[in-house]
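There are 2 protein chains.
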Amino acid sequence: MIRILTSVLILLAMIVTTQAAQLRGTGDMGVIIERTTGSVQIIETTNQTSLARIEGLGDLSHASIVYSRDERFAYVFGRDGGLSKIDLLTQKLTKRIMQAGNSIGGAISDDGKLIAVSNYKPGGVKIFNADTLELVANIPAIYGADNDLSKTVGLVDAPGSRFIFTLYDAGEIWVADCSKCLAGKSPEITKMKDIGLQPYDGLISSDGRYYIAGLFGEDGMSMVDLWQDKLSARRILDGYGRGEKKLPVYKMPHLEGWAQAADSFYLPAVGHHQVLIVDAKTFKQTGSIDVHGQPIFVMARPDGRQIWVNFAHPRNDTIQVIDVPSGKIIKEFKPGKAVLHMEFTPRGEQLWMSVRDENRINVYDTRTLEKITSLPAKTPSGIFFTWRAGRIGL
Amino acid sequence: MIRILTSVLILLAMIVTTQAAQLRGTGDMGVIIERTTGSVQIIETTNQTSLARIEGLGDLSHASIVYSRDERFAYVFGRDGGLSKIDLLTQKLTKRIMQAGNSIGGAISDDGKLIAVSNYKPGGVKIFNADTLELVANIPAIYGADNDLSKTVGLVDAPGSRFIFTLYDAGEIWVADCSKCLAGKSPEITKMKDIGLQPYDGLISSDGRYYIAGLFGEDGMSMVDLWQDKLSARRILDGYGRGEKKLPVYKMPHLEGWAQAADSFYLPAVGHHQVLIVDAKTFKQTGSIDVHGQPIFVMARPDGRQIWVNFAHPRNDTIQVIDVPSGKIIKEFKPGKAVLHMEFTPRGEQLWMSVRDENRINVYDTRTLEKITSLPAKTPSGIFFTWRAGRIGL
Numbered sequence: 001m002i003r004i005l006t007s008v009l010i011l012l013a014m015i016v017t018t019q020a021a022q023l024r025g026t027g028d029m030g031v032i033i034e035r036t037t038g039s040v041q042i043i044e045t046t047n048q049t050s051l052a053r054i055e056g057l058g059d060l061s062h063a064s065i066v067y068s069r070d071e072r073f074a075y076v077f078g079r080d081g082g083l084s085k086i087d088l089l090t091q092k093l094t095k096r097i098m099q100a101g102n103s104i105g106g107a108i109s110d111d112g113k114l115i116a117v118s119n120y121k122p123g124g125v126k127i128f129n130a131d132t133l134e135l136v137a138n139i140p141a142i143y144g145a146d147n148d149l150s151k152t153v154g155l156v157d158a159p160g161s162r163f164i165f166t167l168y169d170a171g172e173i174w175v176a177d178c179s180k181c182l183a184g185k186s187p188e189i190t191k192m193k194d195i196g197l198q199p200y201d202g203l204i205s206s207d208g209r210y211y212i213a214g215l216f217g218e219d220g221m222s223m224v225d226l227w228q229d230k231l232s233a234r235r236i237l238d239g240y241g242r243g244e245k246k247l248p249v250y251k252m253p254h255l256e257g258w259a260q261a262a263d264s265f266y267l268p269a270v271g272h273h274q275v276l277i278v279d280a281k282t283f284k285q286t287g288s289i290d291v292h293g294q295p296i297f298v299m300a301r302p303d304g305r306q307i308w309v310n311f312a313h314p315r316n317d318t319i320q321v322i323d324v325p326s327g328k329i330i331k332e333f334k335p336g337k338a339v340l341h342m343e344f345t346p347r348g349e350q351l352w353m354s355v356r357d358e359n360r361i362n363v364y365d366t367r368t369l370e371k372i373t374s375l376p377a378k379t380p381s382g383i384f385f386t387w388r389a390g391r392i393g394l
Numbered sequence: 001m002i003r004i005l006t007s008v009l010i011l012l013a014m015i016v017t018t019q020a021a022q023l024r025g026t027g028d029m030g031v032i033i034e035r036t037t038g039s040v041q042i043i044e045t046t047n048q049t050s051l052a053r054i055e056g057l058g059d060l061s062h063a064s065i066v067y068s069r070d071e072r073f074a075y076v077f078g079r080d081g082g083l084s085k086i087d088l089l090t091q092k093l094t095k096r097i098m099q100a101g102n103s104i105g106g107a108i109s110d111d112g113k114l115i116a117v118s119n120y121k122p123g124g125v126k127i128f129n130a131d132t133l134e135l136v137a138n139i140p141a142i143y144g145a146d147n148d149l150s151k152t153v154g155l156v157d158a159p160g161s162r163f164i165f166t167l168y169d170a171g172e173i174w175v176a177d178c179s180k181c182l183a184g185k186s187p188e189i190t191k192m193k194d195i196g197l198q199p200y201d202g203l204i205s206s207d208g209r210y211y212i213a214g215l216f217g218e219d220g221m222s223m224v225d226l227w228q229d230k231l232s233a234r235r236i237l238d239g240y241g242r243g244e245k246k247l248p249v250y251k252m253p254h255l256e257g258w259a260q261a262a263d264s265f266y267l268p269a270v271g272h273h274q275v276l277i278v279d280a281k282t283f284k285q286t287g288s289i290d291v292h293g294q295p296i297f298v299m300a301r302p303d304g305r306q307i308w309v310n311f312a313h314p315r316n317d318t319i320q321v322i323d324v325p326s327g328k329i330i331k332e333f334k335p336g337k338a339v340l341h342m343e344f345t346p347r348g349e350q351l352w353m354s355v356r357d358e359n360r361i362n363v364y365d366t367r368t369l370e371k372i373t374s375l376p377a378k379t380p381s382g383i384f385f386t387w388r389a390g391r392i393g394l
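First to last, the protein sequences are chains A and B. Each residue of the first sequence is one higher than the one before, counting from 1 in this note's numbering. Each residue of the second sequence is one higher than the one before, counting from 1 in this note's numbering.
Here chain A stands alone, though its shape is the one from the complex:
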């Protein structure tokens, strides 16, 4: 009997220990995409450690992540149409569905109840119940006289359970109000047509007011002020795009790579070795900063005092840090081959960086600009921290 009791007590102790290990706040956690192995790592930023790896997530090239409003669950949007829900606390895959043949990006509604995914094949946007991943609404991106289906890109959330996206093939911006979707109603769609050729990406300002689409087919961008009574798109930043092409464009910069700091946007020039400065109120260019290569991500530290920039191949081994008040580059260093993505902690004292071809994550102290530590990772790309749960459009 004593032996049985001992076994039970050991079991009990194990369970308590396991549970205790998982009993933790989720505000300092994050997930890192491991691109070629279809896996992710769960990390925490207080002691800068890796907590777990979760595998079996399919094709994660260009994968992205959003978080549940309690910061417990991560939703991973794969390139192969996979949508995976991960539990950061039990460190397990909670559910995984294949919702399309080829997809790019997703969003979570402001109330945390809906997940939207943007699809290439078939075109359109699908909306799921965030708890169960059951389909709630399907929005085929039908356009033109022939009822063609368009690829959708630049999907973001906006206040009021709305999702906004662009139709690449159609040159349209759509706003889907899904505030009654869970009550069984179809989303109300507002369409803006003829917004420009081949809108390839989109972003929303951090207050959820302005939606901006980048155009691959012409110079300039298209902007919607979502506070208007009757929604319409207007042209901004003429000359921003493929333009004069003095240099070959290795990669169109992602619009998530725009930064806002001190009343201006800082954005990657297309094809040029420059960061452009644009007034955040008028959307007119007010200056530029010469940099090391074609910028990809131009990331502002949360206080807007520093801007960190990475570059397109073949200059993607280098990082430059810009001091915003002076507009000067205060630091240049070479973290290693293929610096793909950067993420700040929410108050900006740390920056995490994926160095894909060296299978490493570097962590920096943004005050001293010195490296704090490195963590091993398999071909890391995107880095996403849980603070995104509380922000509009991320």
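A portion of the hints provided could be inaccurate.
One copy or two, it doesn't matter: identical chains are merged, so the pair holds either way.
List time: in silico BS3-like cross-link candidates among lysine-lysine, alpha-carbon distance up to 27 angstroms [as the list claims (entries may be wrong)]:
1) 113 x 180
2) 121 x 193
3) 180 x 331
4) 281 x 328
5) 185 x 371
6) 284 x 328
7) 371 x 113
8) 191 x 113
9) 121 x 95
10) 113 x 95
11) 95 x 180
12) 180 x 371
13) 230 x 331
14) 193 x 230
15) 180 x 230
16) 378 x 337
17) 230 x 328
18) 334 x 378
19) 371 x 334
20) 191 x 121
Rather than coming from a laboratory, the hints here were simulated on the basis of the structure. Since the structure is predicted, the reported quantities are computational estimates derived from the model, not experimental observations.
Dock chain B against the given chain A, drawing on the hints supplied.
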């Protein structure tokens, strides 16, 4: 033996159940001050429920709260000099110290390692290790030829482990750089003198760049641009203050009651039934909105589209909601006696409100402006959600 085994298994099941109940993300949690009973409630905003009450926290009039960077622990700053650390997951008081005789407000450093508390008696600021609550640094607010001790107010954090506060009696603003305090070094103090008479409160802009002190002893305010190489204060908003006093001032508005929305600050006029609109770049007044009473808190929904306003006694039973684009009041309602504090969820779809004299918390849907639910609470005052952990200056 079977009886013993059964007992053990029941115990085991109880432990697992208890642990499982606490295994939860912390991104949707919050703490509500129960003013007269020295207690707090822990709540969650996904299903809008109360999870626990913690008692024995001393005098909580004018109490405030900051959160650890993992959003697991809340630090409660009491009026009686008490500093309490609460675990939101085990729902227990982790530690409580009496650090002064009379204090007002506190802050947590951007790296989450330091807690600072602002004291009336004795004057000055004390800085503690956030893990252990051990004293790390003591900053007596000594001023003038006679080495008097000043009350300190308006304490906030700024990037780089800095704390900023004003000396009420001395008319000074001090910046304490505590980035080496945990290594045993004293904080480096930068003092700005003659900033104005009786600075009674302070705030820092959401990017951590501008610190603004309100003046009780004269009209106008004092502002420091923390991006300057050599710090100095300059006067802004001449005429903002006790001023002409056409109406008796029942209560000087807290500066945390300022809101930023769409390139402007919205702030409570002192003594007048108005919300003032001030350009966020030039700090010049550009307009005003007539409201129901003397405004206390002027709170912007996180997207800046709406402003919610409460009022000083005797008009503190009423709330007005301003639509920012039109500048019009779109809703007025009477939640009950003594509406003291309001808090938005981080993406703004809910607003929580304490109705002190009715012992209730009301929760509103900010889209429909309808009440979602009410929760009982004992004389509730301040409401603080965990999203504050990731913001500068909150």
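| Is it within a copy, between copies, both, or neither that the alpha carbon of residue 191 lies no farther than 27 angstroms from that of residue 121? | Close inside one copy (21 angstroms), not across copies (62 angstroms); limit 27 angstroms.
| Given identical chains, is residue 230 near residue 331, meaning Cα to Cα at most 27 angstroms, within a copy, between copies, both, or neither? | So residue 230 and residue 331 pass the 27 angstroms test across copies only (22 angstroms; inside, 46 angstroms).
| Alpha-carbon proximity context of residue 371 and residue 113, limit 27 angstroms | between (38 angstroms within a copy, 19 angstroms between copies)
| query | Are the CA atoms of residue 95 and residue 180 at most 27 angstroms apart within a copy, between copies, both, or neither? | reply | within (25 angstroms within a copy, 46 angstroms between copies)
| query | For the identical chains here, do residue 185 and residue 371 meet the 27 angstroms Cα criterion within one copy, between copies, both, or neither? | reply | between (51 angstroms within a copy, 22 angstroms between copies)
| Up to 27 angstroms CA-CA - residue 371 versus residue 180, copy category | Close across copies (18 angstroms), not inside one copy (48 angstroms); limit 27 angstroms.
| request: Indicate which option fits the pair residue 284, residue 328 if close means a Cα-Cα distance not exceeding 27 angstroms: within, between, both or neither. | output: within (21 angstroms within a copy, 30 angstroms between copies)
| message | Please sort residue 113 with residue 95 into within, between, both or neither, judging by C-alpha distance up to 27 angstroms. | response | So residue 113 and residue 95 pass the 27 angstroms test inside one copy only (16 angstroms; across, 36 angstroms).
| Within a copy, between copies, both or neither: where do residue 113 and residue 180 come within 27 angstroms Cα-Cα? | For residue 113 and residue 180, the Cα distance is within 27 angstroms only inside one copy (11 angstroms; across copies 44 angstroms).
| What label fits residue 334 with residue 378 when the C-alpha limit is 27 angstroms: within, between, both, or neither? | Answer is within; shortest intra-copy Cα gap is 19 angstroms, inter-copy 57 angstroms.
| field | Within, between, both or neither, where residue 121 and residue 95 count as close if Cα-Cα is 27 angstroms or less | value | For residue 121 and residue 95, the Cα distance is within 27 angstroms only inside one copy (22 angstroms; across copies 56 angstroms).
| field | Within, between, both or neither: residue 121, residue 193 at alpha-carbon 27 angstroms | value | within (22 angstroms within a copy, 65 angstroms between copies)
Checked against the numbered hints listed earlier, the structure breaks none of them; every hint is satisfied.
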